[in-house]
Amino acid sequence: MLAFRPSLRPLVGVTIGLIAGFALAVILGSISPAGFKGMASSLVWVYTSPAPLIFTLTLLGPIACAAVGLTLAYRARFITIGSEGQILLGSIVTLWLIEYSDLNLHPTIAIPTSIVLGGFTGAFLGFVVGLLRVYVNANEILVSLMLNYVILYILNHLASGPWRVGAFAITRSVGEEYRLGPLAIVVTTVSLTLLCWVLLTRSKFGLAIKVYGRAPKVAETYGLNSKTIVLAVAMLSGFTSGVGGVLMMLGFQHNLSPMSVSPGYGYMGVLVSWLSANNPLVALLASWFFSSILVLGRSLQASGLPIGYVLAIQSIIVLSVMIARRLTSR
Amino acid sequence: MSIAFITSIPIILAALGELVVERSGRVNLGVEGMMAFSASISVAVSTLTGSPLIGLIAGGLAGVILSTVYTLTVIGLKLDQIVVGLIISLAGLGLADLISSTGYRVGYNIPHGSTLHNTLIVITIVLPPILWLILYRTPQGVELRAVGYDEHVARERGLRVDLIRAVTVTIGGLTAGIAGAYMALVLYNGRYFSGITGGWGWLAIGSVILGYWHPIGVAVAAYTIGILLTTKPLLTSELGLPPTLVTITPYIAVIIALTLVTIISRRKPSLIPPKPL
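Going line by line, the protein sequences match chains A and B.
Final position of the first sequence in numbering that gives the first Met the number 0 is 329; the numbers increase by one with none missing.
Final position of the second sequence in numbering that gives the first Met the number 0 is 276; the numbers increase by one with none missing.
Worth flagging that the hints you see were computed from the coordinates, not collected in a lab.
Some hints could be false.
If you want a taste of the chain B side facing chain A, the calculated C-beta under 8 Å gives, among others [claimed, not checked]:
| # | residue |
| --- | --- |
| 1 | VAL83 |
| 2 | SER100 |
| 3 | THR101 |
For lysine to any residue, the following SDA-like pairs were computed, each having C-alpha atoms within a straight-line distance of at most 20 Å [to be verified]:
| # | chain 1 | residue 1 | chain 2 | residue 2 |
| --- | --- | --- | --- | --- |
| 4 | B | LYS77 | A | ILE78 |
| 5 | A | LYS226 | B | THR258 |
| 6 | B | LYS231 | B | ILE53 |
| 7 | A | LYS209 | A | SER225 |
| 8 | B | LYS231 | A | ILE78 |
| 9 | B | LYS77 | A | LYS226 |
| 10 | A | LYS36 | A | ALA19 |
To give a feel for the contact side, a few chain A residues facing chain B, derived at Cβ under 10 Å [to be verified]:
| # | residue |
| --- | --- |
| 11 | ILE53 |
| 12 | PHE54 |
| 13 | LEU151 |
| 14 | TYR308 |
Ideal placement from N, C-alpha and C gives every residue a C-beta, glycine not left out.
One chain only, chain A, in its complex shape (with noise of 0.2 Å):
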């Protein structure tokens, strides 16, 4: 079909869907009161200035997180779609730690415990759904669903009730000295992310987490324990995921206040994941970039584009770079 070196196909094939993928969602997006002026230049400014720059790598925590993680966990074929849930849970004992839990620990405690804490949550989160699929092989993708909506209603409930502060549905705020900067996010990040390819590149457990997502029965005959393999990838991708909840909250949230909708960078970082076919490094820059289209959204949220199209770009970019993949490697 086209005329390039077979091994540059899949590269021409993914910058064409990305290019296709991102003006037909501009386009799209030029309906909303933002107009295509609105979208033209919040594009242009988004991607040369450098208030924004700073801004994406603040975002680039919990979507990241969520997404390093899930490569472990599809590569595995374990199709979670929880890490929405962790990021909220991750999110919600990092708030009870620092605010709501009395210990009034110094910042330089408080933070690496969060992220421990945050982190464990998330991953007991993941383990729950890992045990049902391979005890009752019960659908992870269906479970881990039910369970980010479970999560929501819980954190609604919270900040509209017991958390409460005040005449409005909102909790208090964490204190300026917990809060992170796109420093530390981005350190934390690129920390996971690296602990995340050296254990899928270079290690036996990555080994056998590729040969079981290709041929399960395969990776038995071999005796690896698929169950070990399951549950483990379950709870590292929900650590990473509730880690990614502890830079939301001490990166840029501060406060819960009751949401009709989840904020969606679980989502994000599973459409990363997809995006970057499994691997943490590209995760990472994959990640950089929802980033950025995330921060194009929420500029331009007061001119009137809903916050909620930011998903429908990012999810109409994997779909357009999937098509173009397919169609330019026949």
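Assemble the complex: chain A is given as a structure, and chain B must be docked to it using the hints.
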């Protein structure tokens, strides 16, 4: 007509459509997005035309349009059905918000007790038995299920697998579309707001499993979930249960159902459902 039944109509309709898709051996996880998209479209079109009926039809067509994306990419290009389904869900939710941002948030509603509403109620009641007749007592229905049980054997026997699946996916899109339009035009009095579907599309997919891929079972399962969704005020005021606990019950019920299904199919292997998921 009981309020619980009126509330569960969108879940029943969407679940029955998804049942047809899954019986043909595919799963479309885009139900939530198709419902949201059609809810938004139905409100916009009912505003533009002044007719809730045309709004409802437009909603159905909106579902069909999104399901066509699935047909082209999953059945045509053989892309991963799980990935595409979730993408349709996420994109549909966003596109729905985009359409309503152009100013269509309040349209014309379908009043309770109107002829149109009563027609929809009757359709929902008669659809499960009719669907059972079609699936189990007509050659087309048997072919459809055969495709779901074993695609390769069905193909060997000369069945047009891709065509049958394209049809079932379109039916699934239509029912999800009408379900979404119903939510906006009936349950929310002709309004659209972000997050209007609130996971009901996922509950519909859960009902398909909870009802064990049988039209009557699926309708009963969806109705049960509808009861759980409507009795929230009653359960909280009369029994003193915390509202959050009641809100999350349908979602927990689906998780429990997912685990029970496996246990049932282990006990009775003859009841093994089509395995799209």
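For the pair supplied as a hint, A/LYS209 and A/SER225, is the alpha-carbon distance within the 20 Å limit?
-> Within the cut-off at roughly 12 Å; holds.
Regarding the pair B/LYS231 and A/ILE78, is the alpha-carbon distance no greater than 20 Å?
-> Violated. B/LYS231 to A/ILE78 sits at ~32 Å, over the 20 Å cutoff.
Do the numbers back the hint for A/TYR308, that is, is its least Cβ distance to chain B under 10 Å?
-> Since chain B brings a Cβ to about 5 Å from A/TYR308, closer than 10 Å, the hint holds.
With a cut-off of 20 Å on the C-alpha distance, tell me whether B/LYS231 and B/ILE53 pass.
-> Judged against 20 Å, a Cα distance of about 32 Å means the pair is violated.
Does the alpha-carbon distance linking B/LYS77 and A/LYS226 stay inside the 20 Å limit?
-> Violated, at about 29 Å.
Identify whether the interface hint at B/THR101 stands, where standing means a beta carbon of chain A within less than 8 Å of its own.
-> OK, holds: B/THR101 within 8 Å of chain A, min 6 Å.
Are A/PHE54 and chain B close enough, Cβ to Cβ, to be under 10 Å, as the hint says?
-> 21 Å, violated
Under the criterion of a CB-CB separation shorter than 8 Å, is B/VAL83 in contact with chain A as hinted?
-> 7 Å, holds
Closer than 8 Å between Cβ atoms is the bar; does B/SER100 clear it against chain A? Give me holds or violated.
-> 5 Å, holds
Close enough to count: is the Cβ of A/ILE53 nearer than 10 Å to one in chain B?
-> Where the cut-off is 10 Å and the nearest Cβ of chain B is about 26 Å from A/ILE53, the hint is violated.
Are the Cα atoms of A/LYS226 and B/THR258 separated by 20 Å or less?
-> 17 Å, holds
Compare the distance between the alpha carbons of A/LYS36 and A/ALA19 with 20 Å, and conclude whether the hinted pair is satisfied.
-> Holds - the C-alpha atoms of A/ALA19 and A/LYS36 are around 19 Å apart, at most 20 Å.
Of the hints listed earlier, those the structure fails to meet are numbers 6, 8, 9, 11, 12, in rising order.
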